[in-house]
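K.L.:
This is what each chain is made of:
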Amino acid sequence: MTATVPAAVPSAADPVRPSAAPVARFRRARPDLLVCAPLLAVILLVQGWNITAFPALSDDEGTYLSQAWAVQQGQGLAHYTYWYDHPPLGWIQLALVTWVPSAIAPPSMAVGSMRCVMLLVTAVSAVLLFVLARRLGLPRWAAALGMALFGLSPLSVVLQREIFLDNIAVMWMLLAFVLAASPSRHLWHHFGAGVAAATAVLSKETMLVVLPALLVTMWRHSHRDTRKFAVTGAVTACVLIGLCYPLYALLKGELWPGPGHVSLTDGILFQMRRTGSGSIFSAHSGAHAVLNSWLYYDRVLPLGGLAAVVLLLLTAYWSGTGRAVFGPVLAAALLAAVAMRPTGYLPAMYVIQALPFLALSLAGLAVAGTGLAERVARRVRRVAAARLLRWSAVGALGALTAAVVVPNWYDGDRSVETIDANAAYRSAALWMATKAGDPARTRVLVDDALWLDLVHQGYRPGTGVIWFYKADLDPAVSKTMPHGYRDIDYVVATPTVRRDAVNLPTVRAALDHSETVAAFGSGDNRIEIRRVPKEADGHPRVPQSPNSSRKDG
Amino acid sequence: MLVSVFVTAVSLTLFWMAALTLWWQMHAWRTPETLAATRFDQPDGDAGCSFSLLVPARHEQAVLEHTVTRLLESSHGSFEILVIVGHDDPETTEVAEKVAAAAPYRVRVIVDTHEVKNKPKALNTALPQCRGEIVGVFDAEDQVHPELLAHVDHAFRSTGADVVQGGVQLINFHSSWYSLRNCLEYFFWFRSRLHLHALKGFIPLGGNTVFVRTAVLREAGGWDQQCLAEDCDLGVRLSSAGRRVVVAYDANMVTREETPGTLVSLLKQRTRWNQGFLQVYRKRDWTRLPTLGQRMLARYTLSTPFLQAFSGVVIPVNAAIAIFLDVPVGIAVVTFLPALTALVTFVFEVVGLHDFGKQYGLQVRLSHYAKLLVGGPFYQLLLAGAAIRAVWRESKGRSDWELTEHVGAHLTTREDVLQ
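Chains as they are written, first to last, in the working numbering: chain C, 1 to 553; chain B, 1 to 419.
Hints in this document: simulated from the structure, not taken from any laboratory. Every value quoted in this text rests on a predicted model; they were computed, and no experiment measured them. Take the hints with a grain of salt, since some may be wrong.
[Stated by the list, open to error] Chain C stretches covered by chain B per the calculated footprint, using a threshold of three residues with CB under 8 Å from any CB of chain B:
1. 242-250
2. 291-301
[Unchecked claim] Ranges of calculated distance between the beta carbons of each label pair, as one might list FRET restraints:
3. Gly484(C) x Phe324(B): 38 to 46 Å
4. Pro316(B) x Leu243(C): 16 to 24 Å
5. Lys98(B) x Val239(C): 20 to 28 Å
6. Thr262(B) x Val239(C): 35 to 43 Å
7. Arg224(C) x Ser158(B): 47 to 55 Å
8. Glu133(B) x Arg224(C): 33 to 41 Å
9. Gly458(C) x Met296(B): 52 to 60 Å
10. Trp219(C) x Ser158(B): 51 to 59 Å
11. Thr262(B) x Arg224(C): 36 to 44 Å
12. Ala251(B) x Trp219(C): 19 to 27 Å
Where is the CB? At the ideal position from N, CA and C, for every residue including glycine.
Start from the sequences and build out the full structure, keeping to the hints where you can.
P.N.:
This is how it looks when you write it as structure tokens:
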């Protein structure tokens with residue numbers, strides 16, 4: 001029996017312990033579980049109900065899931081040439097998670113059905129958010145409030161249902177924050193935070209913006225005596241894991257640009273030089289439209305959260321709560337600052353990364369508010385009066401919140417739970433399965449969201465069923481189309497296809513020289529199946545043998 | 001395909017080894033509480049135990065007087081010093097007699113008459129003469145802090161331990177590129193890793209600043225005279241017998257030492273230790289440890305020099321395979337895992353050097369950090385060389401004692417550093 005000298009009293013200098021022992025063992029903390037578990041059930045119910053039918057299938061979801069499918073098929077990181085548009089870790093994870101279901105029932109590997117996976121991601125993120133709030137020292141009700149805001153806001157429900165890399169990255173970043181705020185201030189927890197942060201960044205590169213806030217959180221939650229090891233370890237872990245991505249490119253000889261191959265540098269330059277969507281403050285810009293599309297679903301979380309961020313940042317010097325939640329608040333502020341830059345491209349899913357931090361900021365503000373009420377109440381001598389004051393403050397806050405939030409969210413969530421936005425997609429897929437002829441000999445331009453459905457129907461992936469823009473942008477695909485649009489049999493013209501065709505000559509020609517044989521839905525959202533007439537102008541179509549020129553395996 | 005499987009297996013093994021070693025190396029800094037627990041408790045002022053301090057000295061006439069004089073400055077009230085000299089070493093004996101005459105009630109001279117001399121024989125010669133309840137061992141060149149005994153006394157009484165191991169620290173990091181690494185090795189070992197061993201119940205003790213209850217030591221039969229790492233062996237035997245070992249490290253109370261003066265003497269010293277570890281491994285006392293975990297730890301720790309040598313050679317080879325042979329990219333990334341771990345270790349070493357400088361009030365310059373990083377691979381080579389040499393010597397049955405000499409030049413050096 002041996003042991004070290006019994007622990008001396010821990011150093012008196014113990015600057016940061018906003019969260020004391022109570023949350024050290026979340027799993028064993030029964031009251032926390034009792035709050036968190038039912039709330040999680042509600043979130044999953046709201047998010048899961050009608051998940052396949054709303055919102056409309058997005059092109060990006062199709063992209064990522066198709067690439068996950070390619071990973072599962074052992075075709076590398078994508079079934080077309082992987083061109084370093086995003087780091088691949090996001091869809092590699094998707095591939096891992098969907099491996100079993102897609103092995104059991106291959107057709108389930110389609111955007112609609114695989115949205116269920118995102119429920120898992122949301123569940124993990126929501127629980128992590130709760131744990132993080134507790135570790136930052138927020139009371140249980142505030143942690144629950146944050147979790148509810150994060151999981152039940154109509155904006156969250158819509159965006160978290162979709163197979164976006166951002167949702168996966170958010171999960172990892174929340175894990176990083178949870179580890180950074182480890183109550184035991186363990187060296188390897190902080191190291192793990194670095195690993196999780198790197199995973200987040202490699203899932204969606206825009207997470208880079210949040211890293212300084214993570215560092216601040218870690219700094220605040222580490223002890224002076226061990227800080228230099230903990231923080232350096234975390235930074236090292238993050239950098240080293242992050243460098244694996246360029247290392248991968250280097251090993252493939254694709255780090256630097258060169259003739260005849262894609263490169264990481266080109267990929268980064270593409271993202272940096274994407275046509276700007278203008279400032280969110282100018283009424284006619286693309287960015288403003290994106291902002292409006294968020295505010296359409298919810299104003300409480302984005303605008304209320306932003307107000308909370310500003311208030312908490314301004315009062316962080318005086319407010320204990322403000323200091324406790326400073327890290328996440330800073331994360332939200334950084335993300336907001338980047339979104340508000342006058343130029344640059346603002347993706348529609350950008351707000352996803354800010355949602356948990358906005359929710360935490362609102363929860364933090366609520367705690368700060370009741371704390372203020374309590375302090376005022378303490379000045380009142382009579383106990384009964386003080387109690388009355390405090391609870392009426394809490395009650396007023398609750399009532400106000402309910403008045404603002406409930407009608408808004410009820411409407412938003414009701415439409416989310418009932419509207420079927422994807423009927424046209426399903427009909428189009430069904431039509432292609434039954435009426436288009438022999439899938440093995442038919443070539444179709446589709447958008448990414450439908451691509452996997454057609455693959456499962458027997459169309460040849462890559463050159464039989466073609467991501468429409470690849471016909472123009474990927475030399476490996478256009479090479480298989482010597483006669484341009486005439487080598488195409490069908491175009492499934494979804495809104496995305498029609499929108500982007502403006503800049504894609506082959507796709508535009510195919511649309512111009514084809515006729516509608518079936519149409520589903522109406523207005524701008526209609527989906528047309530258009531057939532390109534054969535041998536009308538004396539150019540017999542050259543039959544393509546299957547897999548004739550797949551470039552990248 | 002076969003290359004891929006091989007490379008993956010080697011990489012994962014190396015990764016696991018490197019990660020485990022790193023995990024243990026960083027033990028003390030896991031949490032603020034762990035770090036606080038590695039320190040000595042503040043003594044309560046009572047002096048309960050009496051000490052017999054053994055100072056074996058062989059051809060150390062240049063440093064012995066200084067060491068004993070400093071030991072005599074100890075604030076503890078109850079201790080005796082036994083200087084052990086060889087019958088064939090008149091110079092050292094003369095110095096020893098001189099200091100004994102100056103403090104007749106404190107210092108005695110014991111003469112070791114063994115034909116072939118080594119440290120365990122010297123210690124065993126003195127053991128029957130010890131009057132104190134606790135035997136402490138120091139080397140002739142050690143600088144011992146006057147408050148150390150009081151702290152050790154308190155540690156014995158407050159924990160009921162059978163053994164207390166104090167910190168030993170090489171200080172002259174600025175002397176050469178390898179002394180820098182050597183100092184840091186000691187830093188991580190005594191500051192951090194040994195505490196983990198104490199916690200797990202298996203500990204190879206250090207060669208000095210180690211204190212054992214006299215009765216326990218006599219019961220264990222003293223030191224193994226045939227073993228080249230008698231200190232490690234004693235620790236292994238005592239922990240296997242279930243004795244309670246306590247480790248404490250305070251920067252201002254460590255015993256300060258010097259690194260070997262030349263690369264060759266460092267190589268010889270390391271060879272001796274490695275060979276000693278190998279001997280201890282083969283004695284199999286550690287198999288009496290009660291739990292499988294402890295036995296695995298013992299197995300791993302005692303064979304560390306050889307694993308280290310192996311990994312030092314294989315990591316670059318593995319990385320070269322990854323870069324120059326045509327393996328799939330996924331496999332290539334796996335081969336970089338051990339290198340990644342090595343990089344993390346490097347970074348922690350840099351931070352460790354910074355902490356070392358802070359703890360000892362030494363100025364660590366940018367050039368030192370550079371030396372630390374550049375010297376890393378070469379030091380690995382040295383360790384590998386020593387390990388291979390040890391295996392070779394052991395297989396040839398050569399187990400003579402290659403002593404590291406202390407000529408006294410270090411004293412001024414050390415004083416410089418301390419100022």
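K.L.:
With reference to the structure, classify each hint as holding or not holding.
P.N.:
Cross-check of the supplied hints:
no., hint, verdict
1, 242-250, "holds (count 3)"
2, 291-301, "violated (count 0)"
3, Gly484(C) x Phe324(B): 38 to 46 Å, "holds, 44 Å"
4, Pro316(B) x Leu243(C): 16 to 24 Å, "holds, 19 Å"
5, Lys98(B) x Val239(C): 20 to 28 Å, "violated, 59 Å"
6, Thr262(B) x Val239(C): 35 to 43 Å, "holds, 38 Å"
7, Arg224(C) x Ser158(B): 47 to 55 Å, "violated, 26 Å"
8, Glu133(B) x Arg224(C): 33 to 41 Å, "holds, 39 Å"
9, Gly458(C) x Met296(B): 52 to 60 Å, "holds, 55 Å"
10, Trp219(C) x Ser158(B): 51 to 59 Å, "violated, 35 Å"
11, Thr262(B) x Arg224(C): 36 to 44 Å, "holds, 40 Å"
12, Ala251(B) x Trp219(C): 19 to 27 Å, "holds, 24 Å"
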